[in-house]
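Novice: Keeping the supplied structure of chain A fixed, place chain B upon it in accordance with the hints.
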Amino acid sequence: MGRIKKVLGSSVVLFLALASPGWTETKDSCVSCHSTLDGALGRPAKDFGSDVHHQAGLICSDCHGGNPEDDSMDAMSPAKGFRGAPAKAKVPEFCGKCHSDGSYMRRYNPKLRTDQLSQYATSVHGQRLKKGDTKVAACVDCHGVHNILAVSDSRAPVYPTNVADTCARCHSDSHSMAEYKIPTDQAAHYQKSVHATILTDGDTSAPTCTTCHGNHGATPPGLTSVANVCGTCHVFFAQLFQKSPHGAAFEEMGLPGCVQCHSNHEILKPSDEWVGVGSKSVCITCHVEGDAGYAAAQKISEDLAKLNQSQQQAENILATAERTGMEVSSARLELSQSNEAIVKARVAVHTLDPAEVGKLTDPGLKSSAKAYEAGTAALHESNLRRKGLGLSLIFIVMAIAGLALKIREMESKPRP
Amino acid sequence: MPGLLAGLTQWLDDRFGAAALQEFLRHKTIPLHRHTIWYYFGGMTLFLFVIQVLTGILLLLYYRPTPNDAFESVQYVMTQVRFGWLIRSVHSWSANLMIFTASVHMFSVYFLKAYRKPRELTWVTGMFLFFIVLGFGFTGYLLPWNTLAYFATKVGTQMGGSIPGVGKWLLMFLRGGDEVTGATLTRFFGFHVAVLPGLATIMLAAHLLLVQRLGMSVPPSIEARIAEGREKSTIMPFFPNFLLRDMIGWYAALGALGALAAIFPWELGTKADPFAPAPAGIRPEWYFLFMFQTLKLLPSKVLFLDGEFAGILGFSLAGMVWVAVPFIDRQVGFSRVTRIFTGLGVFALGYIVLMSALVFK
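From first to last, the protein sequence lines stand for chains A and B. Residues 2 to 417 in this note's numbering are what the first sequence spells out, letter by letter. Residues 541 to 901 in this note's numbering are what the second sequence spells out, letter by letter.
Just so you know, the hints here were simulated from the structure itself, not pulled from any lab data. Be aware that a few hints might be false.
Derived DSS-like pairs: lysine-lysine, alpha-carbon spacing no greater than 30 Å straight-line [claimed, not checked]:
hint: 1; chain 1: A; residue 1: K407; chain 2: B; residue 2: K772
hint: 2; chain 1: A; residue 1: K371; chain 2: B; residue 2: K772
hint: 3; chain 1: A; residue 1: K407; chain 2: B; residue 2: K568
hint: 4; chain 1: A; residue 1: K47; chain 2: A; residue 2: K89
Excised from the complex, chain A in its bound form (with noise of 0.2 Å):
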């Protein structure tokens, strides 16, 4: 009876040494004593399972220090290497010691980068912590704490569809903001952007902040303007426009390049009514009547108009010959060809030079008559089918009725 008792104990303390939350290969006192507490100092324990770091293999000693195999208090003691959490100026270092040792990083994610610290210093906020602004953002406050996640996670903080919140979440706070006088609409701007619903759409190499601004880095290293970050995107804009008038003009002015008529952050799907001397162009927020500028302007809006308007009318011409049942395929073929001139047009705008412009419309010009005609060929022929049918149909009639009247004649006649 006695040897049962003993190994029914003996079963009951294992079982219930297994039970216990947050059981490893290995003891971990950190997780089994702050499991059984409330609040912040309880929190880190039920985090930390979906935390990165915990997927792979780390625990709380690893970063806190201490002996997680002594369950006594003595496993937060400093003489037993216990750093505990670090204050807010020390995050970046806390962090860092890991994640810039190259070495140490290959062991686990070869393709991370380890700069993140050396870029940190250079940015705005770590300039700021440097110098003891604690509210500035640090690693944790982007990346979260004991719930890290991989970037690469839909669900996290820095997961490009969340960055924008992220950012958001001082920036947009006019309390926060206030004593270093920035605005903090960036974000509800950034929302309405085009950039912003692409991204939402799927698109995870649409730009979102860290995009222009950086992430770690304030800016990308070599720019000298967040400006300039629009073309390592859109590269023949961006190349165009620096040769163009404005380019060296716009630099002497000190205006903001592509962000001058585009925004930065408000960056709308942008219209052909933009360019021109129209209420809604651009172009008149500098330029009046007279001036070289207007009449270039003018000039370019007349032939993107054109060839929208005729590339428009082959459009329809083309539709309501299908609608007819007509073959158009090589019709539609020649107007693509339009709508690529139109494209490429468009991008010329960006030299401001009329000449540069109509280069491209008038072949474009051209395409869109050619499918016209071949629409307006195609409904004559549609017409003349039809002609034909009803033609052909007034044989058939005659052709019954002709029947008809011979069989009452044959049946009319008494039969021998």
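Specialist: The following block gives chain B in isolation, referenced to the frame of chain A:
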């Protein structure tokens, strides 16, 4: 002109005994009663088949049966060849109309019990002709090599592959390989322009010979009324009375085909891309919809059988029973058993219509 005709007739008679044939045909009669209208549908189907052969031969002059050229050759016919648009659209519309009239002909023969003795083989040859016509529809559909055609063929041939045992072999035989490729197009073209026309000619000759030899059947209900003296037995000579009426129908069909070709030309579609995914909502042509819907509704397992195979097995068995109906329903007169078979026919027709309609829900 009458002299020329008489001379020609004499020439043929001297060599082939044509006068006897002429005499036989002169005496061909059509029974007149309230169901006479259904007698027109066999001839209508034949007329549409002739249209298919003529337009098909014209299309053969331009069609190229390879994946690189098939679509473009049809596009060429539709846009560049004089009246090519008309021939191609008539061919496509007439195919659908022919399957419709063949179905009407089949069901009218079934419900009017024209399959009874001595016309059992007329029914059997007719059913083989119907399957050949469906084969024409299935093989012809792939030939334009557009997206719909490609994926409809892929799905259709896939169903054959689900049959245990012979499935894999059947799939390879139909497709000319594992996938639908140029090899599939080549053999479907071969079936469509050579094999099936050959089989159809033999079957049609047998079918028409039997119809001429056995004459037109009178439905049992009418026979009963005549026997009871409630109706007089009236007939109409085939030549020229019924034939002239047939021709009215054929002219009307010609007019309908022309109108459909001119006002609703058959779509060209987009060239097939084997690497693209199947378009959403892909479905076969209307005459296969009821089978398609049934297979969609069947669970993945029916007892111990794979769902798709169970469906195919079900349709195959139903088809075999349908072909064998004259040997199962041997009633000569109008009786309770006749009503049971009528009920089964109504069920079959209702099932086909309902299942086809459900696809569009």
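Novice: Does each hint hold? Answer for all of them.
Specialist: Hint-by-hint comparison with the structure:
Under the criterion of a C-alpha separation no larger than 30 Å, the hint pairing K407 (chain A) with K772 (chain B) is consistent with the structure, at around 26 Å. With a C-alpha separation of about 71 Å, the suggested pair K371 (chain A) and K772 (chain B) falls outside the 30 Å cut-off, and the hint is violated. With a C-alpha separation of about 20 Å, the suggested pair K407 (chain A) and K568 (chain B) falls inside the 30 Å cut-off, and the hint holds. Pair hint K47 (chain A) plus K89 (chain A) holds up; C-alpha atoms about 22 Å apart against a cutoff of 30 Å.
The structure fails to meet hint 2 from the earlier list, while all remaining hints are met.
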